[in-house]
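This is what each chain is made of:
There are 2 protein chains.
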Amino acid sequence: MTRVFAARPLLQNVATRLRIDSITSTTAAGSGHPTSCMSAAEIVAALFFGEMRYEVANPRHVHADRLILSKGHAAPLLYAAWAEAGLFPREHLLTLRKIDSDLEGHPTPRLPFVDVATGSLGQGLGAGIGCALNARRIGSDYRTYVLLGDGESAEGSVWEAASAGAFFGLDNLCAITDVNRLGQSRQTQFGHDIDHLAVRWRAFGWHTLVVDGHDLGALEAAFDQARATTGTPTMILARTFKGHGVSFVENRDGWHGRPLKPGDEADRALAELQRQLVDDGGATFPIPPPSRPDEPATPATPPAVAPLAYTLGQMVATREAFGTGIARLGAVDPRVVALDADVKNSTFSDRFEAAFPDRFYEFFIAEQAMVGAAMGLAARGAIPFASTFACFLSRAADFIRMAGVSAVGIKLAGSHAGVSIGEDGPSQMALEDLATMRAVPDCVVLYPCDAVSAEHLVVEAARHPGPAYIRTSRPKTPVIYGNAEAFPIGGSKTLRQSERDVATVVGAGVTLFEALKAHDLLAAEGVAIRVIDAYSVQPIDRTALEKAGRETRAILTVEDHYIAGGLGDAVSAAVGDRGVRVVRLGVREIPRSGPPDVLIDRYGISAAHIVAAVRQL
Amino acid sequence: MTRVFAARPLLQNVATRLRIDSITSTTAAGSGHPTSCMSAAEIVAALFFGEMRYEVANPRHVHADRLILSKGHAAPLLYAAWAEAGLFPREHLLTLRKIDSDLEGHPTPRLPFVDVATGSLGQGLGAGIGCALNARRIGSDYRTYVLLGDGESAEGSVWEAASAGAFFGLDNLCAITDVNRLGQSRQTQFGHDIDHLAVRWRAFGWHTLVVDGHDLGALEAAFDQARATTGTPTMILARTFKGHGVSFVENRDGWHGRPLKPGDEADRALAELQRQLVDDGGATFPIPPPSRPDEPATPATPPAVAPLAYTLGQMVATREAFGTGIARLGAVDPRVVALDADVKNSTFSDRFEAAFPDRFYEFFIAEQAMVGAAMGLAARGAIPFASTFACFLSRAADFIRMAGVSAVGIKLAGSHAGVSIGEDGPSQMALEDLATMRAVPDCVVLYPCDAVSAEHLVVEAARHPGPAYIRTSRPKTPVIYGNAEAFPIGGSKTLRQSERDVATVVGAGVTLFEALKAHDLLAAEGVAIRVIDAYSVQPIDRTALEKAGRETRAILTVEDHYIAGGLGDAVSAAVGDRGVRVVRLGVREIPRSGPPDVLIDRYGISAAHIVAAVRQL
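Quick note, the sequences are listed as chains A and B, same order. Position 352 (the first sequence) corresponds to 1450 in our numbering; numbering is contiguous. Position 602 (the second sequence) corresponds to 1700 in our numbering; numbering is contiguous.
Careful, some of the hints might be misleading.
Said to hold, decoys possible - Calculated from the model, a selection of chain A residues having no Cβ within reach of chain B, i.e. all distances over 12 angstroms: (1) Ala1155; (2) Ala1183; (3) Ala1319; (4) Gln1323; (5) Arg1373.
To be verified - Covered stretches of chain A (chain B as the covering partner; in silico rule of three or more C-beta atoms under 8 angstroms from a C-beta of chain B): (6) 1188 to 1197; (7) 1247 to 1255; (8) 1410 to 1417; (9) 1666 to 1679.
Source of the hints: derived by calculation from the structure; they are not laboratory data. On a predicted model such as this, the values are computed, not experimentally measured, just so you know. Note that the Cβ used here is the ideal one computed from N, Cα and C, for glycine as well.
Work out the full structure, taking the sequences as your base and the hints as a guide.
This is the structure in structure tokens:
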């Protein structure tokens, strides 16, 4: 389809108004990145007023085209476009960066037209992959657009996403790079030598176009070509000038992240832009609607999952139960999808793939693209479980941070946590993942010890609206819970207790079994201890811990994790302000290769160490 | 130079012996990745016995060629090569993966021939960039080789490093990709369709060769070509077969990370390999030595830095003092280098660049490549300071984790920490960096509050042999310390104290000034509090904190960081086992854009909140 586009001089007025708004709002704020907005004004004008199909009053419409502003520092331009479209009064732009305005320095989903927060460069394309995969999942024809900067193209995450986009053949995805030549501190690696970028995108399998990014007709034609391209995504490399439209800032060093000064400087710039406006007789640009009416993204009541059928004492690794659990959940909820990074046969996500191949996405060894795509999927109504070895999720730590800022409901599953993996050695042992995940506010952190709790926690994670992390272990562990036991987020299980408990041992995952062993060893000596399974590390069960703190002399935490940032810190944060003694057992040095049991003992988290610590109390 | 190479059939014997050793050691260990070793046996044989110049008995020789095994799971092959070269007896290979052997599941620098730990895929090339840059720094002709797998080429970090290698024109760097087609769980994205990889490497500016990776002559010729190439690094894409040499495993699915079973299975494989050996009359392969004698990488005594000349009350941001500090240090120590990711004008590393342009490396917006290169530089004797916004260091979290495993002396500087950055919003506010860095055992975590402490802590970080992190702030803060004050790692400063102190407030960075304000406000009411500057967050000053815990009713921690994993947890870990009450003030939700002072108050870490919390105690 070739569109009959609105006359270009009139659309040029829109671009000019977006520039004006970008300057006035940043000047009013006293900070921001007007020149990074100005380079992309034509791109955004062409997208918003002709190319994209959406409902202004309903930006989250399930079938509306998406725009992800990967170069998030151009936020004022995005805000100006929505004001121009009529979502809110233009005057509201002057609240930019004010404490009570949702028009923040970089976009966040506090705004209804933002799917994922951006501002950490190189993340938008991954989210775009997720949005495009979601369209495929729900059978929608909505298209996804991602606007990148040239500077951020240095991020490896961009190339992971590029590779994934081509692998999945996402012809419903169109990216545009605003090649304005100038980074923050200097010229980018290639400046305006745009062919270097073109050859890279082509090498990564994208249909690649090079256009003058200030030529609305060229942009329109490029969008037409993108829409006509099948089997692969399109990258439009748009040659632009930073600060375009204002002669004394355009294409000059030293203007990154710098608003124009109120008074003469801003006035001169605005006057120059005003002169570029032509009489358009009040022309408006009809916005094409989505091809289908809106519909709810989530069902009114979450579907029930089939009951479990484990037997007590059955030996099952929690990672395996995770795989079974997502497949069981996927059978009743079409929103559930799974992503993996070439370890599906270790994380057991291959159980999901076997059952639902259309909802399984292989990202190969590219964790950032995987988590980025999960963010995009979650933002569009899917419930994505992304799994890999827990240590390799650290590769996507910045994406996880931004998922927290975005408050999107990604579900991460990290397997092979801790020294209990054994001989593969420290590079494969996640011993800092709890610290990373706890440092995401509102991220639920779950750590099952057996198959029953693992499966229930998969369902809990899916029903939780925000981000959730499930930590699983490599070794098989015995089932200790009945199939119908409930594991609410924020709860815990007190597995051993008596009126004579001298101490409380809090374990989770593999260390829970060390705690139970220690309980029996001490019981044989006539010493009673309380044992708590802290399967919900965040939020943690403050009530149970405070009670234990009152009723026993001290709390001993035991974790297959470094001593910093994990279970011990979580427990301590819950009860530390009451003056409860908290003694921590955890890994205190870089471990070595060796058998799991040997390592658990050598690094101080075995039953023997718990017994010794209780005696010392 | 074209070498007269040892006759190929004899070198083929070496490759076959490396295969035999890879099988016997993994079979003895009962775990490991023999087939991933077997695909690369010719590559490693050609490198070790003809191409590389080194001294067997002195692997850390300053001018010896380097080999980084980016595909770290092929560790048994690397170990076998060093045994073949004579560094240790072949029988020692049978200790693979045993608890007291340094021949771990993946290589770590516990071994003298390993520069950086590998095993988290996609990291070796970044370290290789660092090794190659170091050769340039010291004017050495040593060459750096990096052996990658095809699976790990999906990692964006590989492409960041690729771009950096071309940008720096590192013709002393040669990478080889062992394209054995099979990942862990399935065929890689491209399998043996090697042209897809070739076009990518060429697009990223590398001299790229495609060879039969089992043809020693072809490999030798490729290494010759690489050595003859100027101005850019070389990538040799070697087409290989996983498990090559043993017919019943070669090029088959299901053999990743699986040793051959002792008995018939291993015996059959070994017999097949034994038959491939030819009579070589005991031929040996002379190893070319480095072109220059070894020399110490570090001076006997660290050079003295020029004294500071700040005045009390002078307003200087700690990030600015960091920049001044590394430049001051660089003036007396040629080992000091600086790396940045397009924010040198915000981190003030541009002060170092201005003084020492040859020792400043711009990585553009590619934090993984930056930190990876810092690891390689540090492993080779440089003292690299890598700086960016603290939040963007999270992009390199997995590299930082592996720097911990490697125990290399990288120095990271994260600026713009916390809500005190103001209007840019949550995507730019590091509020989890202390959690990340504390979870690296032995990583020193420093957090200066003023310019004097910042400059001294730069020197302390440089002198510390392991990894160190310096957290700096955006706003200007007053100088409160005298120029000659000492700031030892693990220390603290008690800035206010009396015998009547009811509570101790522990701050660091910007919150220290809130604590001092609170002190004065409370003093006006007749309430005395102790104020401690915890500039060393890890290790933390347990002695001073325990004393404060004994002498006052509670400790109140105040941090511009999320409540999890930061200063509060560090303090609590130090004194929590004594039953000292620790009350934490920190950021408990995703913050918004706004003025720094407003945010500091809104998120509960201002002087007013400290006063309220002390009153409540």
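Against the structure, the hints:
no.	hint	in the structure
1	Ala1155	holds (25 angstroms)
2	Ala1183	holds (22 angstroms)
3	Ala1319	holds (25 angstroms)
4	Gln1323	holds (21 angstroms)
5	Arg1373	holds (30 angstroms)
6	1188 to 1197	holds (count 3)
7	1247 to 1255	holds (count 6)
8	1410 to 1417	violated (count 0)
9	1666 to 1679	holds (count 11)
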